[in-house]
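In case you want the letters, here they are:
Number of protein chains: 2
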Amino acid sequence: MKRSWLIASLLLIFLSQATADNGYRLWLRYDRIADEATRGAYATLLRSYCIQGNSKTFEVIRKEFELGLPSLLAQPVGYTASATEASLVIGIATDPALNGYEELKALINTIDNEGFVIFSVKNATPGKIVIAGKTDIGALYGAFHFLKLLQTNQKITNLSLSSSPKIKIRILNHWDNLDRTVERGYAGASIWDWHKLPDYIDTRYHDYARANASIGINATVLTNVNANALVLTPMYLEKVKALADVFRPYGIKVYLTARFSAPVEIGGLKTADPVDADVQAWWKNKAREIYTYIPDFGGFVVKANSEGQPGPQNYGRTHADGANLLADALLPYGGVVMWRAFVYDNKVPDDRTKQAYNEFKPLDGKFKSNVIIQVKNGPLDFQPREPFHPLFGGLTKTNIMPEFQITQEYLGFSTHLAYLAPLFKECLEADTYVKGKGSTVANVIGGEIFKNQVTAFAGVANIGSDFNWTGHHFGQANWYAFGRLAWDHQLTSEAIADEWIRMTFSNDATCIDAMKSMMLRSREMLVNYMTPLGLHHIMGYNHHYGPGPWVAGKARQDWTSVYYHRADSLGVGFDRTASGSNALEQYHPEVRKQFASAKVCPEEYLLWFHHLPWDYQMKSGKTLWDDLCFRYYKAVGEVSKMEDTWQRIKGKVDEDRFNHVAAFLSIQRKEAELWRDACVLYFQSFSRKPIPPGLPKPARSLEYYMKLSFPYAPGIKPEW
Amino acid sequence: MKRSWLIASLLLIFLSQATADNGYRLWLRYDRIADEATRGAYATLLRSYCIQGNSKTFEVIRKEFELGLPSLLAQPVGYTASATEASLVIGIATDPALNGYEELKALINTIDNEGFVIFSVKNATPGKIVIAGKTDIGALYGAFHFLKLLQTNQKITNLSLSSSPKIKIRILNHWDNLDRTVERGYAGASIWDWHKLPDYIDTRYHDYARANASIGINATVLTNVNANALVLTPMYLEKVKALADVFRPYGIKVYLTARFSAPVEIGGLKTADPVDADVQAWWKNKAREIYTYIPDFGGFVVKANSEGQPGPQNYGRTHADGANLLADALLPYGGVVMWRAFVYDNKVPDDRTKQAYNEFKPLDGKFKSNVIIQVKNGPLDFQPREPFHPLFGGLTKTNIMPEFQITQEYLGFSTHLAYLAPLFKECLEADTYVKGKGSTVANVIGGEIFKNQVTAFAGVANIGSDFNWTGHHFGQANWYAFGRLAWDHQLTSEAIADEWIRMTFSNDATCIDAMKSMMLRSREMLVNYMTPLGLHHIMGYNHHYGPGPWVAGKARQDWTSVYYHRADSLGVGFDRTASGSNALEQYHPEVRKQFASAKVCPEEYLLWFHHLPWDYQMKSGKTLWDDLCFRYYKAVGEVSKMEDTWQRIKGKVDEDRFNHVAAFLSIQRKEAELWRDACVLYFQSFSRKPIPPGLPKPARSLEYYMKLSFPYAPGIKPEW
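So the sequence lines, in the order shown, correspond to chains A and B. Heads up, the first sequence is in our numbering, so the first residue is 5 and it goes up one at a time. Heads up, the second sequence is in our numbering, so the first residue is 5 and it goes up one at a time.
In case anyone wonders, no lab produced these hints; they're calculated from the structure. Among the hints, a few may not be true.
Since the list gives no way to pick one copy over another, a pair counts as held whenever it fits inside one copy or between any two copies.
As the list claims (entries may be wrong) - The calculated lysine-lysine pairs, modelled on DSS-like cross-linking and capped at a C-alpha distance of 30 Å, are: (1) K60 to K674; (2) K288 to K711; (3) K455 to K439; (4) K656 to K60; (5) K60 to K654; (6) K701 to K626.
Please model the entire structure based on the sequences and the hints provided.
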């Protein structure tokens with residue numbers, strides 16, 4: 005063996021041992037480009053780069069290029085101070101070194117302050133590429149986009165592209181508690197090590213910011229919506245400031261959850277009534293104090309009068325009174341209040357899915373301009389499938405934003421592969437008809453329909469202290485997809501999967517095909533082994549782990565499963581048409597038409613809107629009961645197929661991640677079987693019909709499944 | 005640049021970016037040996053190795069050699085099936101390929117079943133080394149020892165060494181809960197991902213086992229002594245079995261904590277009374293069941309009738325009745341009961357430090373042969389300094405083992421650098437005089453004094469899900485030192501530090517000197533900024549974070565600080581002589597002599613045994629008050645010096661770990677100042693004397709420190 009290769013191979017041995025690829029690097033891997041022709045072409049073109057800018061953000065760009073370019077190209081790519089000499093130049097569009105390019109003049113007006121342009125300079129030999137933004141954050145987004153072009157093996161000749169985000173505030177919601185537990189977190193503990201802040205700055209905070217910036221996320225709520233007022237005290241504000249200081253160069257603003265009763269709990273007041281002058285003064289002072297720590301503080305996210313959280317209704321006031329109280333305090337500093345519409349009071353309504361609309365529709369137009377109502381994608385609670393929330397299009401004089409759940413509270417925790425871009429897009433592309441056809445949720449929240457002053461897009465993070473951040477390696481794809489869709493909801497699920505796979509795993513066509521086929525089908529498959537045909541909220545109580553269609557007799561009816569599936573000897577499903585709860589009335593007449601009769605209602609929403617007899621005839625020609633069974637069984641079969649698909653790319657993916665995913669797929673199959681068997685047996689106790697011929701009978705009895713207990717399922721503080 | 009070095013350096017760049025040394029590899033790093041002469045000598049000698057054995061353990065050995073040898077030597081070291089040809093041979097001593105060596109015959113009888121021998125074959129050219137044990141686990145220990153010789157740059161010519169452990173059961177106690185919290189854990193969550201077991205086997209479980217085997221730890225208690233009976237149910241036993249299967253090839257046996265009331269909680273019985281026949285049958289059946297899952301299950305660890313845990317006293321029975329109940333159940337399978345002596349009932353005694361002795365001394369001789377009493381190193385509770393526990397030497401007819409606390413509950417959590425080998429050794433080397441001079445604690449627990457049937461050595465683990473396992477990079481040294489001392493208590497603290505530094509950081513002399521100077525002084529320094537002169541138990545309430553000498557008025561007097569320091573206008577300290585609680589009487593007369601009068605009592609134990617006036621004259625010539633102040637201030641100065649020492653080796657340690665340690669040292673200094681200022685001001689409120697001239701006054705008031713609140717300090721479930 006030649007000495008050179010000996011050294012190289014020894015280093016590779018060492019490397020593979022040292023790193024044992026744990027997925028920590030997410031999609032920012034920058035491994036040597038495998039395809040030699042592509043790498044050679046890049047290497048010929050990219051000999052040096054010049055950073056035309058001087059700020060902490062440009063320092064971030066420099067580090068990212070230092071890290072990425074030589075490693076991807078497997079050759080030194082030197083820094084040069086000369087924009088003329090460099091083959092890659094990045095800067096702000098107004099910089100004299102850049103603003104002479106004709107190409108820039110043509111592109112620059114197409115972008116906003118966060119946008120970027122990337123173009124090849126015409127007639128430059130051997131080639132020159134310029135990346136520019138109107139701001140340094142725009143340039144940073146451009147830098148990450150350019151690196152992505154390399155990571156995904158795109159052509160980088162004759163470039164002429166520009167991009168701006170469709171939504172202003174692209175924000176992660178961390179449901180992280182101050183004791184480092186994460187509500188509905190399935191990837192270890194909170195990454196915020198509050199106890200050691202502000203003195204110890206984990207390098208992970210920087211990597212978190214890098215990852216977010218690379219997909220355009222520009223805001224983060226550090227704390228749980230089930231809020232703790234302590235985070236608003238000086239001891240914690242110092243810690244929040246330390247994180248904000250880390251995130252600022254990456255263009256990320258920090259938000260906190262504001263506990264409505266904070267004036268009482270940490271302020272020493274007797275009330276938190278929003279019309280009380282002392283309360284108003286307290287919040288104003290608190291806002292002023294926060295901004296002395298964090299001059300670019302983003303604002304508050306509030307869960308009020310919901311699931312036991314305090315709120316303005318405790319004092320006979322409205323959500324508008326409460327939200328405006330905080331909005332007034334933040335307004336002088338440009339802060340925003342994200343007021344959640346996920347509310348319900350102690351009276352169980354005729355249909356819980358109606359409550360948010362019922363409470364907020366009458367308040368439309370009463371919120372201050374820096375309030376935005378944060379609405380879950382569907383009217384219930386992050387189920388595997390829900391119709392879009394009727395407040396989209398329902399509120400016409402109020403800023404409104406969607407809240408998606410990236411963490412898989414109801415979708416198999418962190419062990420189920422379920423690619424969520426199709427779920428997010430299903431909501432975004434739904435048509436509210438509020439201003440006629442084409443009034444999609446995306447257009448409503450993007451401000452195209454009502455010219456909202458604030459636009460935002462929230463996702464409940466699936467991030468924790470696990471080495472790979474998200475528990476499942478494929479969970480990273482949901483974080484990624486959330487960011488990409490917040491930037492541009494028109495991207496297809498497939499396009500996002502394609503670039504994520506290339507960056508995260510491989511540019512190998514076999515790998516891409518295999519993983520894409522797994523990802524694109526996975527959410528529909530999961531719906532079918534958990535909650536087919538519009539069933540919903542039939543999971544285990546409290547921890548939400550595993551099936552629990554039998555859950556009944558809890559403190560509130562609308563915390564039980566039987567309330568939602570309404571199975572009886574005659575049939576199954578929740579009638580939300582005029583003959584039932586009439587939740588359907590909250591939608592535009594054009595939307596109602598799509599769901600009002602079982603005959604026209606798409607089958608995936610059938611039991612969401614209709615209670616139907618067990619022998620109702622489905623489009624397949626089967627009875628409802630048979631169709632339900634077939635869906636459960638077919639979906640479990642699909643998990644097995646996914647396992648096979650994964651095995652076929654063995655050797656093409658590093659061993660660590662391969663084995664990790666294989667083990668998780670095996671858990672997913674077992675749990676899919678659990679869902680199928682438990683649900684089929686349970687519903688059979690009502691339908692009293694046989695499992696259709698050809699389908700194997702569950703090995704255990706319904707009683708067995710009902711007795712299973714998982715007191716330490718993750719994501720909640722245990723009750724047991 | 006030559007192509008070879010270009011490739012090598014690019015790979016190195018890539019490597020450094022990819023790994024960002026997070027300390028995950030612990031002391032098993034196997035980086036290329038930096039000293040070229042040493043590496044060259046090894047490389048000349050070690051061209052190939054032969055594994056003479058066929059078992060999962062030998063498979064572990066093979067993997068470790070594959071990982072370690074080429075990487076350390078930076079050259080291929082091939083495997084060969086020929087023991088004759090190989091330059092390194094490992095196997096069992098009786099193997100025909102080994103048993104012809106004269107050198108082996110000379111050494112083999114010096115070792116026990118876990119021991120190993122390593123020798124150079126005489127007159128072999130260019131050299132041949134043989135590693136042998138009587139068992140494959142012995143060989144494994146030999147393999148790790150040999151790798152350590154390389155890692156620490158020792159000569160490997162003319163080898164002739166053998167080693168056996170002095171203690172049979174060398175066991176980690178994990179205080180890990182089933183919800184992944186860790187009581188008194190400061191390094192993230194539990195590494196046991198119970199929810200995903202048994203299906204997902206984290207590679208970390210293997211690396212945990214490797215690390216333990218490399219230092220001779222051969223047992224682990226997976227669950228918290230504040231026990232949950234659920235772990236004894238089939239659902240959890242399947243998970244425990246999965247871990248036991250991982251650990252077995254590494255020679256590690258699994259133990260569980262047994263909740264005394266389990267027969268009621270999971271068995272459906274009405275009582276857990278040890279004389280009840282149904283209870284006895286339940287435990288026998290439970291033991292049989294456990295052994296069907298785990299044929300080499302180690303046994304139970306029990307905390308009974310202590311801090312609210314149930315126990316035999318609930319039924320009017322003794323600790324012996326309780327321990328023997330479980331011992332009888334385990335006996336057919338060779339299992340052991342480790343019954344903790346850390347007990348106290350609801351009656352507050354005149355001196356809590358007396359209670360364990362008072363309860364267990366009368367039971368001496370009443371425990372079954374497979375019971376061992378697990379006794380904390382000191383009579384109180386893991387304080388920075390305590391005298392040795394009087395049960396060492398006190399029990400003469402009962403198996404007895406020490407329990408050390410590796411996790412730093414009272415020693416600054418995971419942010420304080422405090423090397424604990426000196427603390428462990430202080431206890432081990434203390435002389436009980438029970439059979440005359442030389443009856444050290446080490447000899448008592450080693451079985452030399454009373455010929456105990458079971459010997460064991462326990463440490464409460466400091467391990468968690470943090471990337472570097474222990475929070476502080478130097479916390480790894482305490483895990484390491486615990487294992488090394490369990491194997492051989494005669495090793496010096498310095499020798500252990502030396503090898504740990506070389507394996508974990510560097511063989512560079514400057515580094516070694518600097519780190520050793522920090523480590524060896526650190527525990528004494530910590531004692532002096534927290535609890536100098538024998539003060540104890542003056543930390544924050546419940547979470548034990550920070551100073552709390554003012555803690556008073558709790559449910560039990562002996563949970564308060566004022567109970568222990570007894571400061572008043574006249575003086576300070578706990579009189580444990582005949583004029584006080586007379587706890588001293590629990591020791592041998594020769595020991596009593598050392599402590600009975602303040603004049604002879606070593607000053608480090610002064611206020612543990614004596615209440616003395618503020619103007620008591622110390623050996624320094626200063627008054628007690630002045631001496632106390634000087635110690636607090638001097639110790640904080642030492643932390644600053646430690647920071648300086650660390651800065652001096654900047655560039656000699658990888659950047660990630662360097663910055664990590666530097667940040668933690670800064671936290672340590674701030675917290676040392678907090679301890680100093682709070683304690684000095686608090687005790688001053690009694691002494692009413694000025695802080696001695698030359699010492700700066702604390703910047704804040706006592707009231708300020710007393711008002712500090714840390715509701716989310718880690719290591720407990722929050723109360724707030």
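Outcome of the hint check:
no. : hint         : in the structure
1   : K60 to K674  : between (49 Å within a copy, 28 Å between copies)
2   : K288 to K711 : between (52 Å within a copy, 26 Å between copies)
3   : K455 to K439 : within (13 Å within a copy, 90 Å between copies)
4   : K656 to K60  : between (38 Å within a copy, 27 Å between copies)
5   : K60 to K654  : between (42 Å within a copy, 24 Å between copies)
6   : K701 to K626 : within (19 Å within a copy, 86 Å between copies)
Consistency with the previously given hints is maintained throughout, with no hint failing.
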